[in-house]
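Full structure from sequences and hints, please.
Protein sequences, first through last, are from chains D and Y.
Take the first sequence: its position 9, counting from 1, is numbered 9 in our numbering, and each next residue is one higher.
Take the second sequence: its position 663, counting from 1, is numbered 663 in our numbering, and each next residue is one higher.
To be clear, the hints were calculated from the coordinates, so they are not data collected in a lab.
Each hint can be trusted.
What the simulated footprint calls covered on chain Y by chain D, stretch by stretch (three residues with Cβ under 8 Å from a Cβ of chain D suffice, anywhere in the stretch; the number is not a length):
(1) 240-254
(2) 263-271
To give an idea of the interface, some chain D residues facing chain Y are shown, with a C-beta separation under 7 Å as derived from the structure:
(3) Gln136
(4) Ile140
(5) Pro335
(6) Gly356
On a predicted model such as this, the values are computed, not experimentally measured, just so you know.
Ideal placement from N, C-alpha and C gives every residue a C-beta, glycine not left out.
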Amino acid sequence: MKKREFLQLCACGAMGALTHKPVPAGLRAELNALASSHPVDDELWKWSKEALFVEQTPDGVHCLKCPNSCTIPAGGTGLCRNRVNVRGKLYSIAYGNPCAVHVDPIEKKPLFHFLPSTRAFSIAAAGCNLSCLNCQNWQISQVSPKETDNEDLMPRAVVDAARRSASASIAYTYSEPTTFYEYAYDTAEIARREGIRNVWKSNGYIEEAPLRKLCRVIDAANIDLKSFDEGIYGRLNAGSLAPVLRTLRIFHDMGVWLEITNLVIPGWTDDLAMIGKMCAWLCSNGLDTAPLHFSRFVPLYKLNQLPPTPVKKLEEAHAVALKEGMKYVYIGNVPGHSAEHTYCHHCKKLIVERRGYAILQNRMKKSCCEFCGEPIPGRWQM
Amino acid sequence: MPQGGDAWRGTTVLAGTITAGTQVVLLREVLSAFLGNELIIGVLFFDWLALTGIGALLARRWSSRLPLFAIVPCVLAALCVFPPLTFAGFRFLPLLVAPPGSMLDIWLFLAGALLALAPLCLVSGAIFTLLIRVSTTSGTSNPVGSVYAWEAMGSLAGGALFGFLLFDIIPSQDLLLILCAGAGLSGAVLFSCRRMRSVAVALLPVVLMLLIGRSVWDADMLTFALRYPGHTVLAHRETPFGLLTVTRLGEQTMVYANNVPLLISGNTSATEEIVHFALVQRPHSPKVLIAGGNPAELVPEVLKYTGSSVRCVEENPWLRRAEREFLPFPENGRATYVEGDLRSILLSPSGHYDVIIIVAPEPSTLQSNRTYTREFVHRARLALTPAGVLCMLLPSSAEYAGDDARRVRAILRNTLADQFEHVQILPAGHDVFLASDSTLRTDIAGGIAEAGVPTTYVNPYYVQDDLLSERSRQLEASLGKDTPRNSDARPALMLAQLRYWLRHFAMEYWIPVLTGLIIVFVLFVRTDRMGIGVMTAGCGGIVLELMVLMIVQVSFGNVYKMSGGLIALYMAGMGAGAFAAGRAALAPRWYAGMQCCLALMLLLAAWLQPGISSGSTPGMAGLVPCLFLGSFGAGAVFTLTSRMAALDLVASGSRLYGYDLLGSAVGALLVGPLLLPLLGVQSVANAAAGLVVVGTVISLSSPVWRVHEKA
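Now the structure itself:
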């Protein structure tokens with residue numbers, strides 16, 4: 001007997017015995033809901049696809065996808081919760097099973113220098129290789145695909161749906177696309193062939209080999225650089241900084257359009273000295289033209305006792321970044337703020353006036369500043 | 001100060017007072033450090049009662065080793081040392097293990113609470129056993145029942161002092177420290193009188209530290225600074241609604257209630273969503289009622305609509321005072337500000353408001369759940385004009401709502417749909433629930449443009465109507481229709497919200513349930529028949545107490561002082577029952593009568609509930625004797641059983657006390673957080689009354705009764 005049945009039987013029996021009333025159907029459903037448990041079977045599931053980037057070891061299959069470097073014994077699951085070892089082979093159980101499918105403005109990712117005012121067909125499968133205390137999407141990132149309600153959407157169908165929704169790109173987003181790499185890669189390959197762009201919204205926690213392969217099919221990436229301190233990365237995100245920095249360099253070197261998001265969390269990542277160091281590192285690694293988005297924190301998930309980031313702090317971070325040499329710095333999650341706009345880094349004039357997801361005026365000509373002719377980096381057109 | 005042969009009575013009362021006071025103080029800690037909800041409070045009481053019961057049972061084996069003359073001073077010394085240590089554990093352990101600004105993990109809470117409570121509760125249980133031993137030598141006719149009764153009197157005093165008598169005069173933790181210092185000083189004097197001067201001298205620095213420590217060291221400020229570095233604290237008050245702290249960080253002013261940010265200035269997007277999603281539905285000269293939220297920012301948004309007027313209700317007068325001082329709201333002829341219980345305010349006048357917006361915390365406690373129930377929604381509907389709109393909010397389900405999040409939303413949607421013809425959920429920064437008997441629109445940005453209201457966030461630049469409608473459709477389609485409705489008597493939404501909350505920690509609800517069931521099973525197997533009677537009476541008693549508290553809280557709102565009064569009433573009934581049973585004839589009919597009294601009061605409380613929920617004063621008046629008589633029965637059952645005990649009064653008394661508390665512990669764990677929201681008041685009362693009757697039948701079949709009759 002399963003524990004669900006046991007609990008149900010106990011509760012129904014006790015209630016029946018004590019109240020002499022039949023157990024209502026609604027209550028039975030309620031008891032079922034209370035006793036629900038995580039699936040633990042190690043069988044293949046739906047279209048489970050054999051995982052890329054693995055090596056066999058005596059202790060199990062060694063996953064080489066991300067820096068967690070899990071060695072997964074038979075019947076085991078990786079830290080990301082969606083790579084399982086079934087009879088000595090590693091499978092991705094996220095393949096073809098997105099749990100979130102939406103259409104978003106591209107600016108929501110955020111990507112400000114990539115096909116502005118277009119829409120991105122956005123998909124996510126459950127799982128993540130980090131455990132951030134402030135995760136917005138913890139209901140899909142901290143669980144396995146077996147625990148979410150998924151759509152049956154193979155790569156071909158994703159591309160078709162993106163086309164139907166008039167989206168210019170497909171975004172692999174919300175949870176962590178590194179964990180559904182095979183699904184994202186296959187989808188991106190088809191999309192690219194058919195003229196739809198691919199957007200990678202990620203924590204950047206990925207190994208070099210899979211990342212270099214990925215760069216062949218990805219057009220733009222927004223990477224969360226969560227802080228510039230190994231200790232904070234460990235405590236806040238259960239990850240580490242160095243692999244993320246490597247990811248930024250590789251995306252840049254491989255010619256993928258890159259934008260960076262830094263979430264400024266009060267008491268955690270709002271140290272201006274640390275932000276200054278981060279910007280100095282970005283500049284010294286040729287990433288000074290990569291748009292940097294300082295995003296306002298709002299209380300979420302386990303980090304729900306902190307207030308939102310003061311706008312003043314974001315403005316200070318913005319000033320520090322400009323001072324360090326970053327050329328395109330934005331403030332996110334603060335509606336109506338002037339740091340939503342793009343200013344030419346050369347003549348300092350307003351060239352793209354934004355309000356939310358709309359562009360009110362665009363003073364660029366052929367990707368250059370209309371006033372001084374300076375090229376403005378980005379992928380502005382299809 | 002009690003002396004000589006009567007010292008045990010005074011010490012017993014003091015023990016009851018201090019332990020009750022410690023419970024109040026720790027409850028406050030739980031509320032502020034652990035986001036206290038019904039589950040957490042249930043676990044806390046379970047730990048407390050079970051550990052105390054175990055302490056009493058364990059002390060049977062070694063209590064005889066302590067010299068009789070040293071017992072009272074040792075008890076007083078323990079009362080001086082352990083409560084402050086436990087308080088410190090609850091205050092500082094979370095700071096050591098939880099990252100700044102984060103919720104404490106439930107697993108850490110379960111382990112930490114057990115660890116922090118164990119010393120105090122085990123000692124507290126042992127104190128009961130030790131005091132029985134002293135009382136047996138004092139010539140008291142019924143030593144076990146007397147200790148039980150005096151302890152109940154002490155708890156009554158503690159509940160009254162900490163709950164309402166001294167609440168406005170002295171902070172509860174200061175009062176606790178003073179009482180502990182008093183116990184320590186008394187203990188030192190007694191040690192000194194009994195030629196144990198070295199122990200007395202050792203106690204004095206502890207007493208001194210308790211007395212002056214608070215004046216040189218503000219624990220609240222220190223912990224707040226550790227938890228929220230960089231904040232400037234503007235005000236900090238203990239109120240009947242919990243701890244209220246106002247801070248500033250950058251340009252933002254925050255009001256924290258129990259360390260959770262309740263109001264935050266400069267929250268433009270949230271403010272605009274709350275107001276405009278509802279008001280674009282009825283934009284022409286709307287009469288608006290807003291309950292909760294930050295009027296400083298909500299009111300100006302409402303007043304942007306031509307001809308609008310707004311009434312802001314706040315239940316917590318201390319919060320309103322803080323708002324006036326630190327988040328001043330506009331004084332305008334079109335805006336009025338009212339303090340009071342929202343449910344009462346909704347009663348009149350009817351058909352008045354075009355829009356009612358409820359900005360309430362998540363329904364994870366009975367207190368917050370009361371603004372999401374069928375009864376509340378019904379009142380809100382009556383207060384609306386025929387085409388009026390009720391707006392409620394839940395935190396955003398973001399890009400995906402899991403099973404539990406969907407269940408919460410489905411219950412609320414279905415509860416609203418029972419009362420209104422149209423219900424619409426708009427998933428944005430919040431999940432906004434709109435309900436009306438007239439049609440509702442989802443093109444919010446279009447509506448704003450039509451109304452010509454200037455906004456920063458809710459406009460076509462940020463809110464894309466087609467995407468919002470699509471997400472709304474997706475969410476609606478994922479919600480089941482077959483859910484229970486959330487009601488005062490069966491807070492199904494609270495249960496669903498608690499389950500969703502547990503998901504933050506990858507914990508299943510069945511774990512505490514299974515723990516409770518295992519304990520029930522073990523107790524039933526290991527207990528003799530008389531013990532079962534005491535245990536079921538203990539369980540029935542706590543169920544009655546929790547049920548009454550729930551009924552009053554749901555019906556009357558935040559009733560901190562009234563709750564204190566009800567707990568005091570319960571303890572008074574227990575004490576009176578225990579005293580009276582010490583003088584009554586020792587006959588099975590009395591015993592059965594007392595058990596039946598408890599069972600009947602359980603049924604009566606449930607019978608009174610619907611009337612009280614609809615505001616009936618006679619119903620409320622009936623609840624008072626009901627609680628007193630029920631607890632009278634529970635207290636009497638303990639004393640009658642203790643009088644049947646064999647020669648070893650210490651062993652049998654501590655055993656019965658242990659069973660009584662363990663029965664109560666299981667009741668506290670299962671009833672508040674699980675059975676009440678799952679089954680509802682009526683079924684729980686039936687089940688508890690049935691349990692008491694079963695316990696009575698089993699205990700009456702014990703051979704002890706026949707032995708006693710022959711004797």
